[in-house]
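Visitor: Please model the complete structure; the sequences and the hints are all you need to start from.
Protein chains: 2
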Amino acid sequence: MTAEERPASIQGAVCPMPLRHYDKIVMGHGSGGRMTQDLITQCFAPYLSNPALDAGNDYATLSTNINGPLAVSTDAHIVSPLIFPGGDIGKLAVCGTVNDVAMSGAVPLGLTASFILEEGLSTQTLVEIVKSMAESALEAGVPIVAGDTKVVERGKADGLFISTAGIGHFPKIFAIGGAEAKPGDVVLISGTLGDHGIAVLTARGDLAFETQVKSDVAPLNHMIQQILAVAPHVHVLRDPTRGGLATTLNEIAEQSQVNITIDEKTIPVKPAVQTACEMLGFDPLYVANEGKLIVIVPENEADAALAIMKKNTYGIDACRIGRVIESPAGRVLLKTQIGATRVLDVMAGEILPRIC
Amino acid sequence: MTAEERPASIQGAVCPMPLRHYDKIVMGHGSGGRMTQDLITQCFAPYLSNPALDAGNDYATLSTNINGPLAVSTDAHIVSPLIFPGGDIGKLAVCGTVNDVAMSGAVPLGLTASFILEEGLSTQTLVEIVKSMAESALEAGVPIVAGDTKVVERGKADGLFISTAGIGHFPKIFAIGGAEAKPGDVVLISGTLGDHGIAVLTARGDLAFETQVKSDVAPLNHMIQQILAVAPHVHVLRDPTRGGLATTLNEIAEQSQVNITIDEKTIPVKPAVQTACEMLGFDPLYVANEGKLIVIVPENEADAALAIMKKNTYGIDACRIGRVIESPAGRVLLKTQIGATRVLDVMAGEILPRIC
Numbered sequence: 343m344t345a346e347e348r349p350a351s352i353q354g355a356v357c358p359m360p361l362r363h364y365d366k367i368v369m370g371h372g373s374g375g376r377m378t379q380d381l382i383t384q385c386f387a388p389y390l391s392n393p394a395l396d397a398g399n400d401y402a403t404l405s406t407n408i409n410g411p412l413a414v415s416t417d418a419h420i421v422s423p424l425i426f427p428g429g430d431i432g433k434l435a436v437c438g439t440v441n442d443v444a445m446s447g448a449v450p451l452g453l454t455a456s457f458i459l460e461e462g463l464s465t466q467t468l469v470e471i472v473k474s475m476a477e478s479a480l481e482a483g484v485p486i487v488a489g490d491t492k493v494v495e496r497g498k499a500d501g502l503f504i505s506t507a508g509i510g511h512f513p514k515i516f517a518i519g520g521a522e523a524k525p526g527d528v529v530l531i532s533g534t535l536g537d538h539g540i541a542v543l544t545a546r547g548d549l550a551f552e553t554q555v556k557s558d559v560a561p562l563n564h565m566i567q568q569i570l571a572v573a574p575h576v577h578v579l580r581d582p583t584r585g586g587l588a589t590t591l592n593e594i595a596e597q598s599q600v601n602i603t604i605d606e607k608t609i610p611v612k613p614a615v616q617t618a619c620e621m622l623g624f625d626p627l628y629v630a631n632e633g634k635l636i637v638i639v640p641e642n643e644a645d646a647a648l649a650i651m652k653k654n655t656y657g658i659d660a661c662r663i664g665r666v667i668e669s670p671a672g673r674v675l676l677k678t679q680i681g682a683t684r685v686l687d688v689m690a691g692e693i694l695p696r697i698c
Numbered sequence: 343m344t345a346e347e348r349p350a351s352i353q354g355a356v357c358p359m360p361l362r363h364y365d366k367i368v369m370g371h372g373s374g375g376r377m378t379q380d381l382i383t384q385c386f387a388p389y390l391s392n393p394a395l396d397a398g399n400d401y402a403t404l405s406t407n408i409n410g411p412l413a414v415s416t417d418a419h420i421v422s423p424l425i426f427p428g429g430d431i432g433k434l435a436v437c438g439t440v441n442d443v444a445m446s447g448a449v450p451l452g453l454t455a456s457f458i459l460e461e462g463l464s465t466q467t468l469v470e471i472v473k474s475m476a477e478s479a480l481e482a483g484v485p486i487v488a489g490d491t492k493v494v495e496r497g498k499a500d501g502l503f504i505s506t507a508g509i510g511h512f513p514k515i516f517a518i519g520g521a522e523a524k525p526g527d528v529v530l531i532s533g534t535l536g537d538h539g540i541a542v543l544t545a546r547g548d549l550a551f552e553t554q555v556k557s558d559v560a561p562l563n564h565m566i567q568q569i570l571a572v573a574p575h576v577h578v579l580r581d582p583t584r585g586g587l588a589t590t591l592n593e594i595a596e597q598s599q600v601n602i603t604i605d606e607k608t609i610p611v612k613p614a615v616q617t618a619c620e621m622l623g624f625d626p627l628y629v630a631n632e633g634k635l636i637v638i639v640p641e642n643e644a645d646a647a648l649a650i651m652k653k654n655t656y657g658i659d660a661c662r663i664g665r666v667i668e669s670p671a672g673r674v675l676l677k678t679q680i681g682a683t684r685v686l687d688v689m690a691g692e693i694l695p696r697i698c
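Protein sequences, first through last, are from chains C and S. For what it's worth, my numbering labels the leading residue of the first sequence as 343, then goes sequentially. For what it's worth, my numbering labels the leading residue of the second sequence as 343, then goes sequentially.
In case anyone wonders, no lab produced these hints; they're calculated from the structure. Note that the Cβ used here is the ideal one computed from N, Cα and C, for glycine as well. Just so you know, not all the hints are guaranteed correct.
Here are the computed lysine to aspartate or glutamate pairs in the DMTMM-like style, where the Cα-Cα straight-line distance is at most 20 Å [stated by the list, open to error]: (1) C:Lys-653 / C:Glu-643; (2) S:Lys-498 / C:Glu-643; (3) C:Lys-498 / S:Glu-552; (4) C:Lys-498 / S:Glu-495; (5) S:Lys-498 / C:Glu-461.
Rough simulated footprint, nothing fancy, chain C against chain S, three-plus residues with beta-carbon under 8 Å [to be verified]: (6) 375-387; (7) 396-406; (8) 441-453; (9) 484-495; (10) 582-596.
Guide: Next comes the structure, spelled out in structure tokens:
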């Protein structure tokens with residue numbers, strides 16, 4: 343990938359103090375000794391510095407005066423390639439966990455990040471990714487408060503894996519969850535589907551054609567708090583990541599024991615994504631998203647939720663796509679463009695491995 | 343590894359519902375679709391079930407009425423082999439993060455665990471490791487409340503990596519941290535050094551000799567709370583993992599800007615570990631431990647702390663090993679068996695890769 347192809351946010355990232363004597367990761371960087379300290383001091387600390395992390399203990403103290411339950415989430419990130427149009431594994435790791443915590447209605451307080459580095463990884467690549475994490479954490483307003491780094495031999499990982507965990511608190515208690523969808527609710531989606539999966543496929547260079555599709559990876563926590571301010575009785579918030587919209591709606595239909603019926607002609611898909619999917623034989627309803635949000639909300643709050651989403655950068659293409667009804671419970675139905683209705687099943691196996 | 347060689351805690355672990363149609367992990371188990379649901383339902387849920395995890399959302403709600411700061415920690419685990427005398431990667435992942443949170447003086451509330459599985463991993467091995475995690479979590483009294491599973495192609499990982507994060511709260515506020523060691527303090531260690539590193543090396547089968555050494559991996563949170571009950575002015579609690587006692591004491595000497603002088607003849611090392619180290623040219627002071635604790639405490643509370651440690655299963659070999667003095671600040675000195683004094687430096691590179 344050339345500098346021009348890189349997302350603007352990470353162009354020109356340079357290690358201010360190139361890792362002493364090393365332009366690639368070696369096993370000693372995982373030793374816990376001086377070389378690990380060098381790696382942390384030179385490649386992580388300049389970007390991720392904050393009081394909790396800088397204290398240098400094996401734990402961080404997260405100052406807060408919260409009272410009540412916590413929201414907790416974790417994700418392992420294994421996307422290939424590490425850098426793709428619109429994002430990279432670092433941005434994905436931060437946004438993915440911020441979003442999962444925020445989907446509970448909680449305000450994310452802090453993240454942890456653990457890195458598994460493959461011997462031979464370019465330290466320049468590592469720094470670009472760490473810088474991207476710092477930028478996403480800043481945008482989300484959620485500091486990375488604790489971290490860990492391990493190194494495995496060449497051929498025992500694939501460049502870099504990042505696992506993140508996030509903690510949030512509930513300024514207000516909402517009744518939000520996959521089991522809360524109720525007949526009569528409206529189903530909203532925050533924007534176009536399939537962008538992330540197609541962007542990652544493009545970056546792999548194994549498509550027979552070019553696309554200009556960028557990943558939608560983004561932190562959605564601010565938009566979620568805006569939605570909850572105007573639609574406090576939201577029943578479900580969930581991001582349609584692996585398995586896409588179809589699989590995520592099936593999870594909700596199953597958890598809530600309701601039927602969800604969506605209308606194909608209302609579902610937003612970018613023309614370039616639609617074209618790529620047609621050429622590949624994919625259905626965009628099963629392709630992964632990383633910056634999209636399903637909102638299931640009572641009818642009387644649906645317009646307010648939709649209006650506030652459309653004002654947010656990450657929700658300008660938001661729209662209504664369907665309804666929750668009573669039966670057949672546990673099923674998702676699709677009203678097709680030609681007026682037929684068919685069952686939209688869970689994705690069974692794998693269509694696009696390693697997209698997150 | 344035969345059944346006889348396995349740690350007793352995981353003998354006889356069988357998947358009650360063998361993963362439908364699969365005795366090995368395939369890429370589809372990471373898809374987020376039905377195969378991922380099967381993997382979770384059949385290999386994780388039977389062992390790790392609890393209300394927070396069973397809710398099936400992308401986040402867990404951790405019920406608590408805490409008020410005040412949180413302790414947070416994370417670790418990636420890449421130990422090779424996955425199962426070794428005295429433990430396995432699952433026990434290591436749970437205990438490592440429980441211990442890091444507990445070292446702050448906090449009571450751990452919950453853990454998250456994210457798994458990176460290599461295509462081809464035996465599902466039987468996965469279940470043994472998940473069962474071991476469940477047993478360690480039960481012993482520690484800390485539930486695993488959120489999880490994630492990803493799969494990478496054969497040759498892109500090494501069987502299984504586990505990243506854990508932990509959250510704790512402070513029932514009392516202590517002034518504990520690596521920067522809190524004070525001249526006059528006593529240095530205690532909770533038991534023998536080097537057991538974990540030598541046990542893992544033995545399991546690799548690349549020693550030219552046999553050892554009976556077992557890993558010391560253990561959850562130390564209960565012992566820590568016992569110590570704090572009798573010695574509330576403890577200044578530092580830290581586990582000497584990667585880099586061993588020598589590296590960990592150097593971190594503390596540097597953070598606190600004090601000198602730490604330890605006495606070689608008081609440092610407990612099992613004869614089998616001493617012999618293995620001599621044959622390998624290792625110094626046990628640099629070999630990793632996974633169930634040991636350094637306690638740095640004012641003289642007037644040292645005897646009480648030591649007495650309570652010796653009553654705990656994981657502290658029966660606890661002893662005094664040194665003192666904190668003013669200078670030379672940032673240095674660790676070793677009084678050797680023959681009465682000389684030498685500088686004990688940080689480990690520079692890597693002597694035993696992938697021991698945690």
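Visitor: Confirm or reject each hint.
Guide: Now for the hints, and whether the structure bears them out:
Only pairs whose Cα atoms come within 20 Å are accepted, and Lys-653 of chain C paired with Glu-643 of chain C is accepted, the gap being roughly 16 Å. For the hint pairing Lys-498 of chain S with Glu-643 of chain C, the CA-to-CA distance comes to about 47 Å; that exceeds 20 Å, so the pair is violated. Only pairs whose Cα atoms come within 20 Å are accepted, and Lys-498 of chain C paired with Glu-552 of chain S is rejected, the gap being roughly 27 Å. For the hint linking Lys-498 of chain C to Glu-495 of chain S, the alpha-carbon distance of about 11 Å falls within 20 Å, and the restraint holds.
Our distance criterion of 20 Å between C-alpha atoms is met by Lys-498 of chain S and Glu-461 of chain C, whose separation comes to about 12 Å. Judged by the Cβ-Cβ criterion of 8 Å, the stretch 375-387 of chain S is covered by chain C as claimed, because 5 of its residues qualify and three suffice. For the stretch 396-406 of chain S, the assignment as covered by chain C holds, since 10 residues bring a beta-carbon within under 8 Å of that chain's beta-carbons and 3 suffice. Coverage of a stretch by a chain is defined here by at least three residues with a beta carbon nearer than 8 Å to that chain's beta carbons; for the stretch 441-453 of chain S and chain C the count is 7, and the condition holds.
With 9 residues having a beta carbon nearer than 8 Å to a beta carbon of chain C, the stretch 484-495 of chain S meets the requirement of three or more and the stated coverage holds. Here the stretch 582-596 of chain S counts 5 residues with a CB under 8 Å from a CB of chain C, which clears the bar of 3, and the coverage holds.
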